[in-house]
Amino acid sequence: MPITGHCLCKAVTFSADVEAPLVTGYDHCDDCQRQSGSTYSLVVVVPKDKLTTTGPIKKWKGIADSGNAVYRWFCSECGSPIAHDPEAAPVIALKGGCLDTELKKALKPDVEIWTVGKLPFCQEKLAHPFEHMPTQ
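Counting with the numbering used here, you get residues 1 to 136 for the letters of the sequence shown.
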C-alpha cells in the first residue's frame with residue numbers, strides 16, 4: 001500500500017511506492033520547528049526514488065549543520081509544508097501532517113531525531129532518541 005497525501009488546498013499530491021516508511025519520527029531540529037510552526041515536525045522517511053509528486057511545489061534551499069543543502073518543499077498555492085529533502089541523502093522526509101487521514105491515524109513514531117534541539121519545556125521522551133540524524 002503506497003504512502004499518499006496532499007497539501008491543505010489539494011493542489012499538491014504525492015505518493016511513495018513503499019510498504020512502510022523507513023523511519024517515522026519526531027524531528028526536533030530548529031529548521032523543522034520553524035517550518036512546522038510547532039515544537040517538532042512529525043516526519044515519515046521514504047526513499048527519494050519511490051516518491052512521485054504532482055502540483056505546484058516550491059523549494060527553498062537551506063544549509064544543514066553538515067554544510068550540505070536541504071531543500072524544504074511546500075505548496076506554492078497554500079504554503080503547506082510537504083517535505084524536507086537532504087541533498088546528500090537518498091531519502092526524503094515527508095511531513096506527517098500531509099499524509100492521507102487514515103495513514104496519519106495508523107502512524108507509530110518510533111524515533112526522535114535532533115533531540116539536541118528539543119525545547120526545554122518539551123522534554124518528555126516521545127520515542128527512541130538520537131541527538132542528531134541517525135547514521136544507520
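Quick caveat, the hints were computed from the structure, so don't treat them as lab data.
Idealized CB from N, CA, C, for every residue including glycine.
Be aware that a few hints might be false.
[Stated by the list, open to error] Result set (DSS-like, lysine-lysine): computed pairs, CA atoms no more than 27 Å apart in a straight line: (1) K125 / K59; (2) K50 / K125; (3) K61 / K50; (4) K105 / K61.
[Claimed, not checked] What follows is a set of in silico ranges between Cβ atoms, one per label pair, in the way DEER data are often shown: (5) V116 / A89: 13 to 21 Å; (6) D17 / A89: 13 to 21 Å; (7) H128 / A106: 13 to 21 Å; (8) Y71 / L22: 15 to 23 Å; (9) V91 / V116: 34 to 42 Å; (10) C9 / P134: 30 to 38 Å; (11) L119 / E19: 15 to 23 Å.
Evaluated hints:
1. Restraint check: the Cα-Cα separation between K125 and K59 comes to about 32 Å, which exceeds 27 Å; the hinted pair is violated.
2. For the proposed pair K50 and K125, the alpha carbon gap of about 31 Å is over 27 Å, so the pair is violated.
3. Straight-line distance between C-alpha atoms of K61 and K50 comes to about 22 Å, which keeps the hinted pair within the 27 Å bound.
4. Pair hint K105 plus K61 does not hold up; C-alpha atoms about 31 Å apart against a cutoff of 27 Å.
5. In this structure, V116 and A89 meet the distance hint of 13 to 21 Å, their C-beta atoms being roughly 19 Å apart.
6. Look at D17 against A89: about 18 Å separates their beta carbons, and that is inside 13 to 21 Å.
7. Between H128 and A106 the beta carbons are some 19 Å apart, a value that agrees with the proposed interval 13 to 21 Å.
8. In this structure the supplied range 15 to 23 Å holds for Y71 paired with L22, their Cβ-Cβ distance being about 18 Å.
9. Taken as a hint, the range 34 to 42 Å is violated for the pair V91 and V116, whose Cβ atoms sit roughly 20 Å apart.
10. At roughly 34 Å, the beta carbons of C9 and P134 sit within the given window of 30 to 38 Å.
11. Checking the proposed 15 to 23 Å range against L119 and E19 shows it is violated: the Cβ atoms sit about 34 Å from each other.
In this structure, the hints that do not hold are numbers 1, 2, 4, 9, 11, in rising order.
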